[in-house]
Amino acid sequence: MNNFNHYYDSETTRQVISVIVINEHNVLSRIVGLFSARGYNIDSLTVAPMTGSKYSRMTIVTTGSKRVIDQIVKQLNKLIPVLKVNEHQNVIEKETVLIKIPIEQPLSDIEVIARAYNGHIQNVTHDAIVISATDAPSRIANFTNIMNKYKPLEVVKSGVVAMER
Amino acid sequence: MRITGAKMVTESLKEEGVDVVFGYPGGAIMNVYDEIYKQSFFQHILTRHEQAAIHAAEGFAKSTGKVGVAIVTSGPGFTNAVTGLADAYMDSVPMVVISGQVPTTIIGTDGFQEIDAVGISRPCTKHNYLVNDIKDLPRIIKEAFHIAATGRPGPVHIDIPKDITAEVANFEYPKEVDIPTYKPTVNYNKRQLKKAMGAIAKSKKPLLYVGGGAILANCAYEIREFAKMTNIPVVETLMARGVMGDDNELFMGMLGMHGEFAANMAAHDTDCIISLGARFDDRVTGRLDEFAKKAKVIHVDVDPTSIGKLVDTNYPIVGDLKVTVEGMIEAAKDMQFNEYTNWVSLLRDYKEKEPLRYQDSDSVIKPQWAIERVGQILGENAIISTDVGQHQMWTAQFYPFSFPRQWNTSGGLGTMGFGLPGAMGVARGNPDKVSINFTGDGSILMNIQELMTCVEYNLPVINIILNNNYLGMVRQWQTLFYENRLSETDLSAQPDFKKLVEAFGGVGYRVSTKKEFEEALKDAVEKKKPAMIDVIVARDEIVLPMVPNGHALNEMTLLGDSNE
Ligand SMILES: Cc1ncc(C[n+]2csc(CCOP(=O)(O)OP(=O)(O)O)c2C)c(N)n1
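In the order they appear, the protein sequences are chains A and B.
According to the numbering used here, the first sequence is numbered sequentially starting from 234.
According to the numbering used here, the second sequence is numbered sequentially starting from 579.
Hints should not be assumed to be uniformly reliable.
Mimicking BS3-like on lysine-lysine, the simulated pairs with C-alpha atoms at most 27 Å apart in a straight line are [said to hold, decoys possible]:
#	chain 1	residue 1	chain 2	residue 2
1	A	Lys-307	B	Lys-772
2	A	Lys-307	B	Lys-1077
3	B	Lys-806	B	Lys-780
No wet-lab data here; the hints were simulated from the structure.
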């Protein structure tokens, strides 16, 4: 028997999707427009040209029910400039954060914590230091949280990049 | 051959075999219009509004199956066209729309008549292009026609800056398209089809649920054949009217909000629903979790995004509908099906006991009567367009459709103002048929200026205004769901429609008896001129049956005392 009730299923999952697109006018707005027009979430989005080709790769992190994710993938596939859409199952994900902290904070503590998260000091000026870390998104979230207690002046995060294992 | 971008446009249209273009000139597109003046391959029809140019191209495309073409200028010319684009997109009409744009050097400076046209058309086109380099122009036009007509068809928009139409470059029209990222599925998955056929054979109450995709894919006659060989009953959506032919024994009617009792009960009771080019639109399904609740779902569509969007599908089949139905016919030849005789006769019983009907009257013309009467008089000699409202639903219900592409309406977007220009495109594409537009006293005023186009190009559209002095459909909802508070739906203030059409140079009639109506229709058909018959109809008539919003299909309001 049919189970239309799935329509009302609201359990959400997080999904990493990579999209290979032709580099052409409008293509980024086409992708973003698809998400906004249909009310889908974009948690993060990164884009860069693929070396040596006329294509770019976008990595999109999104959340939604199974039906929504399914539709996102189908709708992306339907766009004319889209070559390939991958719904990643088993991926290495990396995200980068840059954090600027006032110089009067305990720098040695900060450095020790940063190292625990594969991070290090990028720059020091007379009033602030900048540390960076690149790691899995959940670890970057933890790291950012911990760093909050050192009164950061600025926090900048990249989107996620991902690669199948 | 070195030619200008403007000439590339006309040469490309020639290569595509285009024989009519609807449009409206302006500054940014003037180079193209200068070339249009010089060529003699296609006719250009000057509409009186850009929205109408798009609707006319739609009516032309829907009724002939060819790609419709329209040309507009930048800025306001383009924004006027947007409603048409959205309309064509919702109904998957194959179409190419070319707009002029300010020169590339001005783009982004808020120049005179500049608008981000591709930004606006993105959500209402299948694809769009801003031409940045004249070298790309021939390829883009070739791709546009290909994309518009293949897969799930749709409108494609090309925005061309003025300096590019002036520039000169080498022209060679590509023979083939090569878009590595666009390969619509044609062939269905054989194993999946076999499984689906197995499910049909096992079912006791199968139902073919046919949508507008059946018309776009030109497979009405294949569907008739499949139904006949398997004895499976058929229901149609609004957009599929004409697929089965209304006198077909297996046809149980249109389903949905204003569908027939038998059709809606069929969808409610079926144990295996076979969706062919339909998309489970909310106006069709009623309350979704109650729709075809007992059924296994087989969903065939060329567009994978239509499958599983609203309902879970047991047997999804992505493929060209014609190819797939041909595959179903082949497969059915070596299969044993149940008889379905009881099921078919149960539905036929419903159809007889609860047919579409209305209370006729001798003192006043009932709108349903007028539609039925046109059907009796013109039948398959007419192609029928409508505007949007009660008259549209009554036409879908009461006109006896007999062939695909006989029905031209704005289904997905529901655009008032579609009818007259749409019927104009029909008239241009089908000179051997009578082009009728059933319209309302509200809708007709939304593109009334097109009477001028009809007169200028002698496009003999017969507009039949079912004049109830109301925005009838909205009034119906106010009556039923807003305790009869008729907020802004009274249209007592009206022009003299007869004089109005005469002022444009057409023929006008105002009728209020059946006899007058028949005479006017006969006269208009004979005169073969653009005409408008203003029919004074019963004011308070309501479209029934009706499935109220949020209700299941078997919870219909049938013809009751509310229609008296
Ligand atoms: C452009 C546009 N504006 C508003 C509506 C909402 N609307 C739907 S039906 C309707 C009333 C139509 O009235 P009329 O054309 O007189 O037809 P009737 O329902 O009386 O047959 C309106 C206002 C619409 N569909 N399209």
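Hints versus structure:
Proposed proximity of Lys-307 (chain A) and Lys-772 (chain B) is supported: the alpha carbons are some 24 Å apart, at most 27 Å. A hinted pair counts as satisfied when its Cα atoms are at most 27 Å apart, and Lys-307 (chain A) with Lys-1077 (chain B) does not qualify at roughly 53 Å. Taken as a hint, the Lys-806 (chain B) and Lys-780 (chain B) pair is honoured in the structure, with Cα atoms around 18 Å apart against an allowance of 27 Å.
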